[in-house]
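Protein chains: 2
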Amino acid sequence: MAPDEAALAPATAQTPTPTPTPVPAPAAIHAAATSKYSNRVLLRTVLERSDDGLGLVGERLVVGGWVKSSKEETKEAPAPAAVPAAEHKDVSCVELLQTRIPLFRSIMKVFGGGSHPIRRRIEAGVAKSPPPSPPPQPSPPLSLAFLQISDGSCVASLLVEVDSSIAPPSLLLPTGTCVLVEGILKRPEAQGKHTIGLKAEKIIHIGTVDQDSYILSKKRLPLDGLRNNLQFRPRTTTVASVMRIRNALTFATHTFFHDNGFLDVQVPIITSTDAEGSCQKFHLTVLSRKTSLKRDQTVMKENAGVSVEAIKAAAREKSKLVEELKRTDSNREALVAALQDLKKTDELASQLEAKEKLKPGAPVKAEEMKFFEDFFPNETYLTVSGRLHLESYACALGQVYSFGPRFRADRTESPKLVAEMWMVEVEIAFSELEDVMKCADDFFKFSCKWILDNCAEDMKFVAKRIDKPSIDRLQSVLSKPSVKITYKEAVEALKKATDNKEMKIEGGVVLTAEHLSYLADEIYKSPVIVYNYPKEAKPFYVRLNDDGETVDDGETVAAFDMVLPKVGKFLTGSQSEERIGSLSKRMKERGVPQEQLEWYLDLRRQGAVKHSGFSVSFDMMVLFATGLADVRDVIPFPRSFGNANC
Amino acid sequence: MAPDEAALAPATAQTPTPTPTPVPAPAAIHAAATSKYSNRVLLRTVLERSDDGLGLVGERLVVGGWVKSSKEETKEAPAPAAVPAAEHKDVSCVELLQTRIPLFRSIMKVFGGGSHPIRRRIEAGVAKSPPPSPPPQPSPPLSLAFLQISDGSCVASLLVEVDSSIAPPSLLLPTGTCVLVEGILKRPEAQGKHTIGLKAEKIIHIGTVDQDSYILSKKRLPLDGLRNNLQFRPRTTTVASVMRIRNALTFATHTFFHDNGFLDVQVPIITSTDAEGSCQKFHLTVLSRKTSLKRDQTVMKENAGVSVEAIKAAAREKSKLVEELKRTDSNREALVAALQDLKKTDELASQLEAKEKLKPGAPVKAEEMKFFEDFFPNETYLTVSGRLHLESYACALGQVYSFGPRFRADRTESPKLVAEMWMVEVEIAFSELEDVMKCADDFFKFSCKWILDNCAEDMKFVAKRIDKPSIDRLQSVLSKPSVKITYKEAVEALKKATDNKEMKIEGGVVLTAEHLSYLADEIYKSPVIVYNYPKEAKPFYVRLNDDGETVDDGETVAAFDMVLPKVGKFLTGSQSEERIGSLSKRMKERGVPQEQLEWYLDLRRQGAVKHSGFSVSFDMMVLFATGLADVRDVIPFPRSFGNANC
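Residue numbers (the numbering used here), protein chains in the order written: chain A, 1 to 646; chain B, 1 to 646.
Because the hints were derived from the structure by calculation, they are not lab data.
Heads up, some of the hints might be wrong.
Same chains, same label: a pair holds when it works inside one copy or across any pair of copies.
Here are the simulated EDC-like pairs of lysine to aspartate or glutamate, each with C-alpha atoms no more than 20 angstroms apart in a straight line [said to hold, decoys possible]:
id : residue 1 : residue 2
1  : K218      : D602
2  : K468      : D441
3  : K525      : E514
4  : K449      : D212
5  : K71       : D546
6  : K538      : E555
7  : K438      : E73
8  : K449      : E432
9  : K484      : D410
10 : K535      : E492
11 : K36       : D259
12 : K218      : E492
13 : K496      : E72
14 : K36       : E434
15 : K484      : D602
16 : K438      : E189
17 : K36       : D441
18 : K75       : E595
19 : K468      : E522
20 : K36       : D442
21 : K219      : D602
22 : K525      : D212
23 : K484      : E73
24 : K525      : D441
Quick caveat, the model's predicted, so the values are computed rather than measured.
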């Protein structure tokens with residue numbers, strides 16, 4: 001799977017005669033589609049029109065983007081044409097490029113391309129200094145650069161044709177070069193996948209690329225290699241598509257809840273409430289490690305604060321990269337570099353380990369710790385779940401949801417769990433289990449439909465490049481109702497699945513994540529809702545089912561999980577226990593300290609109401625839509641055990 | 001200002017004859033407005049109709065909510081009517097209440113009102129046990145309870161009339177009681193502020209209140225008192241209105257950026273990038289204080305982990321409450337309780353201080369610290385700003401925004417700054433300062449218009465109860481363009497303001513937050529944008545203006561702030577420095593360590609583009625709309641120095 005794979009420009013393109021066109025007044029620029037806040041036309045508004053942009057042929061417009069691929073064609077040199085001075089009212093980059101290319105390149109190295117006079121001034125024709133005389137040198141041999149540029153607004157790229165009399169191809173051709181171009185939309189002269197192209201008349205900005213150090217210069221970089229280059233990752237076609245789909249799912253989420261009368265409540269990230277108790281949490285301090293840990297300055301300095309475990313984790317990552325590079329056999333240089341890197345990392349890990357064994361620890365002076373001067377009086381950590389907080393708003397405002405980051409410090413390398421994940425949490429007053437199961441299912445189906453309706457081009461790309469059945473999978477969700485079975489029925493169904501030994505279960509066993517996935521992937525081949533769990537399997541706040549309300553053996557709780565093919569469990573919900581006696585009892589059974597949760601118990605003491613809710617792992621929904629396998633590839637800046645780059 | 005001030009039911013209400021109506025099949029319940037996920041009608045859909053709900057008179061519906069105020073009226077006792085057994089197919093709460101009130105109350109204490117059979121079973125007529133015989137006791141004297149109930153979906157409350165033959169008034173009348181009621185909509189018989197009321201036919205659920213311990217039983221609780229009862233706060237009319245306005249602003253934010261072609265990018269909360277350097281940050285560890293700090297178990301235990309400073313802060317808070325209670329003179333008991341509380345807190349602070357002085361600290365064993373086994377290899381903290389991360393997405397996808405929590409560990413008691421605040425951050429590629437100033441202004445105006453268009457009733461309430469000019473303030477924003485002046489012009493304007501000595505400034509002085517507020521509040525009486533700041537006043541990543549581009553003396557940067565009347569500075573933006581030479585130089589000048597920001601510098605090395613953005617303090621926008629003075633009153637669970645309750 002290649003993140004950057006746009007095809008080259010059609011090789012058969014003709015070489016049109018360069019005919020300098022007078023720069024028009026700004027008013028002539030196609031105004032209808034110009035972005036309000038960047039004075040350029042978003043490519044989506046041209047390339048995703050129902051007529052593929054053909055209705056705009058002949059329009060003059062400004063576009064900006066990054067070169068995805070490129071090609072140069074030489075053509076016969078025409079007689080050098082004097083450039084009319086009136087068109088160059090300012091020291092434009094066009095002139096600079098034509099006259100002082102070596103100088104210009106060195107300036108670009110220093111200033112990154114930003115030293116060009118701003119575009120408005122060019123357009124407004126403000127002449128701060130008299131235009132330099134036309135260059136006396138003979139013109140270089142003329143050629144045409146064909147650039148496919150993308151601006152991130154859509155999958156498609158625009159074919160831009162730049163005559164070498166306008167800008168030197170060597171600056172434009174490298175993958176990743178940023179250009180801001182004014183030109184005229186035209187039909188490409190050659191047949192190809194593009195129905196429309198832009199004939200450049202002016203290059204307003206060039207942001208150059210150093211091909212040797214630019215990671216995206218290399219084709220076919222695997223996704224896990226990109227994770228070490230988070231800053232450039234969204235410039236790849238794949239990650240850009242994934243992030244647009246993620247964006248669409250975000251807006252779908254707010255739209256669904258808004259349209260159904262829910263209020264968005266921003267629950268706290270810093271909390272003193274331990275909702276789950278079952279996972280590791282991130283604790284907070286206002287003291288940095290440097291100030292709090294002065295025990296061994298030498299070790300600290302030599303290690304730069306790095307732990308052996310983290311280095312080992314990094315070594316494992318690097319080892320994976322090496323394997324991948326070996327497998328694809330595409331880039332010999334990258335492989336050598338990766339091997340050296342891995343060797344260094346392994347050495348460092350061994351050194352550190354030895355050192356730590358030698359120095360079991362000089363004591364820290366407590367006055368250096370100053371924990372007592374910390375910011376909050378109580379122990380605080382990053383929230384694992386906002387559902388308990390949300391309950392207090394549901395028990396006042398009725399129907400509420402929250403959408404935000406949640407945290408777990410579990411030392412896992414699971415591709416489905418990272419330290420910081422976005423969750424959608426929902427709570428509804430005057431509701432019971434059945435209500436929220438319906439709400440969860442409606443929300444999921446709404447989201448799938450939204451993606452199909454609003455991300456057609458991105459989904460086509462996903463189906464082509466990442467996961468062929470992705471569109472079918474979304475459509476299949478909409479074409480039939482989700483399967484809804486009790487926990488007991490789920491157990492029965494798995495017992496019948498005698499063909500798979502691993503999935504076979506004996507009575508009384510708690511279903512694992514693998515069991516649930518098997519239901520969705522193999523048995524029902526559909527999203528599956530499993531409800532009425534044994535009480536041991538769910539948190540203390542889940543409502544105990546009334547006697548006789550279920551046909552299951554033993555005590556069950558009003559809880560459910562929703563499982564998707566390919567992704568597994570991504571949503572979990574329940575009716576909350578609103579009876580204080582029952583709630584207190586379960587807290588005692590579980591050893592949940594009651595003092596910390598008095599505020600939560602209060603909701604049952606005063607004006608209690610039946611209420612229910614659920615939590616959705618938003619990142620897993622993005623996985624479902626895109627068919628990717630690792631959440632780190634669908635989160636802009638993923639944080640996982642041993643990794644918090646940027 | 002009273003958060004709970006709904007008036008009592010009209011005192012002149014007539015006493016209609018109780019006519020038991022047969023319970024209809026569920027299908028007869030007004031389906032059009034029923035919430036999809038809670039089987040009741042949201043009050044907003046009745047009370048905010050253009051006909052004030054009159055078109056629904058005669059409709060049968062189920063509503064649920066909490067009693068805001070109530071009143072009981074006795075009426076002449078009619079001959080006891082035998083209750084037809086057919087209407088009580090289950091052991092309904094109606095019967096329980098009529099026959100076993102003392103028993104029922106004790107059950108309610110234990111189970112918090114949740115032990116009633118569920119509504120669906122009542123409606124479906126499922127008879128699990130034979131109905132008990134009608135009670136032999138004589139009926140109590142008949143009366144009518146008038147309840148004003150609110151369900152949080154709108155400001156208005158619905159007047160519900162409950163005959164004592166249906167449920168005992170003593171259970172229903174206390175403020176805060178939760179009820180789920182089925183009844184018929186009717187015109188109230190007396191003239192009053194309500195145009196429509198509900199005649200109850202069945203009480204499906206009662207969640208009782210213990211008046212002695214329920215904080216909202218007391219009228220006129222000030223907002224700062226409510227901050228100690230975050231779990232109940234949204235049940236007050238004021239906080240509910242504020243949270244609905246906050247919700248509307250949230251959706252307006254997503255709508256504005258979606259409609260203008262921006263992509264929502266979720267930037268990381270955990271970060272190793274220090275964007276500002278100017279403020280205190282929260283650092284992360286996976287070790288709790290208990291495991292990392294074993295130095296003095298006795299002190300820990302006795303103090304319960306509480307710091308002297310935090311206790312002192314709590315004492316200051318409590319002292320404020322005492323003053324407020326003294327001033328309003330409304331609740332003698334609360335004042336006495338608050339005084340005792342304050343005394344205890346002061347004593348504890350003194351004891352702790354003495355103890356800490358006595359014990360300068362026994363050493364901690366370093367092996368107990370285990371910092372080297374922490375989760376991330378590098379120092380990580382909670383993000384202060386997501387703008388740098390957002391830049392990398394703008395330099396790939398074009399127009400992006402992020403909406404999420406940001407953190408500062410500044411030890412301040414400013415009403416405008418808490419530890420966890422929500423920010424809207426925006427970044428646009430191919431844009432300059434002027435573009436983002438326009439975008440920021442458009443976004444702000446769009447939000448103001450959205451509130452006026454979508455929160456009319458809440459804004460009426462705000463204008464009546466919190467801040468009279470609030471609606472005018474929003475309208476005034478829309479009626480004229482925002483003032484846009486350079487920093488130099490701002491200084492000149494302030495120099496001319498000779499009538500105010502505090503605001504008078506001498507040349508060369510950096511403008512303070514107070515100066516900026518003075519511009520908006522006193523000089524221009526309008527939102528003001530101040531741009532082209534002296535470079536010393538802004539962070540390292542702000543773009544140095546090109547020579548000759550500004551008319552100001554000295555070196556200026558392409559940065560701006562936006563200031564609002566009453567609220568002050570709430571938005572800050574800039575064109576980012578895209579020239580690597582210039583950026584490196586400024587980092588060196590500022591002493592910003594470059595190693596940590598190599599990824600950020602990369603964006604200038606490879607395909608650089610001019611780009612600009614801004615950050616909005618979302619909580620301050622809620623302050624502007626509501627006229628409140630303290631952000632802690634507009635954030636669901638505020639976290640400030642010394643406070644992280646719940």
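Status of the hints after comparison with the structure:
1. Taking CA atoms no more than 20 angstroms apart as the test, K218 paired with D602 passes between copies only; the shortest distance there is 16 angstroms, against 60 angstroms inside one copy.
2. Taking identical chains as interchangeable, the C-alpha atoms of K468 and D441 are never at most 20 angstroms apart, the minima being 24 angstroms within one chain and 44 angstroms between chains.
3. When the C-alpha separation of K525 and E514 is checked against a cutoff of 20 angstroms, the pair qualifies only within one copy, where the shortest distance is 14 angstroms, while the shortest distance between copies is 63 angstroms.
4. For the homomeric pair K449 and D212, neither the shortest alpha-carbon distance inside one copy (43 angstroms) nor that between copies (51 angstroms) is at most 20 angstroms.
5. Taking CA atoms no more than 20 angstroms apart as the test, K71 paired with D546 passes in neither setting, with 72 angstroms inside one copy and 35 angstroms between copies.
6. For the homomeric pair K538 and E555, the shortest alpha-carbon distance inside one copy (12 angstroms) is at most 20 angstroms, but the shortest distance between copies (62 angstroms) is not.
7. When the C-alpha separation of K438 and E73 is checked against a cutoff of 20 angstroms, the pair qualifies neither within a copy, at 60 angstroms, nor between copies, at 42 angstroms.
8. In this homomeric assembly, K449 and E432 never come within 20 angstroms of each other (Cα to Cα): the closest approach is 26 angstroms inside a single copy and 37 angstroms across copies.
9. For the homomeric pair K484 and D410, neither the shortest alpha-carbon distance inside one copy (31 angstroms) nor that between copies (50 angstroms) is at most 20 angstroms.
10. In the homo-oligomer, the alpha carbons of K535 and E492 lie at most 20 angstroms apart inside one protomer (18 angstroms), although the nearest pairing across protomers, at 70 angstroms, exceeds that limit.
11. When the C-alpha separation of K36 and D259 is checked against a cutoff of 20 angstroms, the pair qualifies only between copies, where the shortest distance is 11 angstroms, while the shortest distance within a copy is 28 angstroms.
12. In the homo-oligomer, the alpha carbons of K218 and E492 never lie at most 20 angstroms apart, since the shortest distance is 52 angstroms inside one protomer and 55 angstroms across protomers.
13. For the identical chains of this complex, K496 and E72 are neighbours neither inside a copy (63 angstroms) nor across copies (62 angstroms), given an alpha-carbon limit of 20 angstroms.
14. Within a single copy, K36 and E434 get their C-alpha atoms only as close as 46 angstroms, which misses the 20 angstroms cut-off; across copies the closest is 11 angstroms, which meets it.
15. Within a single copy, K484 and D602 get their C-alpha atoms no closer than 34 angstroms, and across copies no closer than 50 angstroms, so neither meets the 20 angstroms cut-off.
16. Proximity of K438 to E189 under the C-alpha cut-off of 20 angstroms is found in neither arrangement, the shortest distances being 55 angstroms within a copy and 40 angstroms between copies.
17. For a Cα distance limit of 20 angstroms, the shortest separation of K36 from D441 across copies, 12 angstroms, qualifies, whereas the shortest one inside one copy, 38 angstroms, does not.
18. Taking the shortest alpha-carbon separations for K75 and E595, neither the intra-copy value of 82 angstroms nor the inter-copy value of 46 angstroms comes in at or below 20 angstroms.
19. In the homo-oligomer, the alpha carbons of K468 and E522 lie at most 20 angstroms apart inside one protomer (18 angstroms), although the nearest pairing across protomers, at 63 angstroms, exceeds that limit.
20. In this homomeric assembly, K36 and D442 come within 20 angstroms of each other (Cα to Cα) only across copies, at 10 angstroms, whereas the closest approach inside a single copy is 35 angstroms.
21. In this homomeric assembly, K219 and D602 come within 20 angstroms of each other (Cα to Cα) only across copies, at 19 angstroms, whereas the closest approach inside a single copy is 59 angstroms.
22. For the homomeric pair K525 and D212, neither the shortest alpha-carbon distance inside one copy (47 angstroms) nor that between copies (55 angstroms) is at most 20 angstroms.
23. For the homomeric pair K484 and E73, neither the shortest alpha-carbon distance inside one copy (61 angstroms) nor that between copies (49 angstroms) is at most 20 angstroms.
24. In this assembly of identical chains, K525 and D441 lie within 20 angstroms of each other by CA distance solely inside one copy; the values are 16 angstroms within and 50 angstroms between copies.
Figure legend: structure checked against the earlier numbered hints; hints not met, in rising order: 2, 4, 5, 7, 8, 9, 12, 13, 15, 16, 18, 22, 23.
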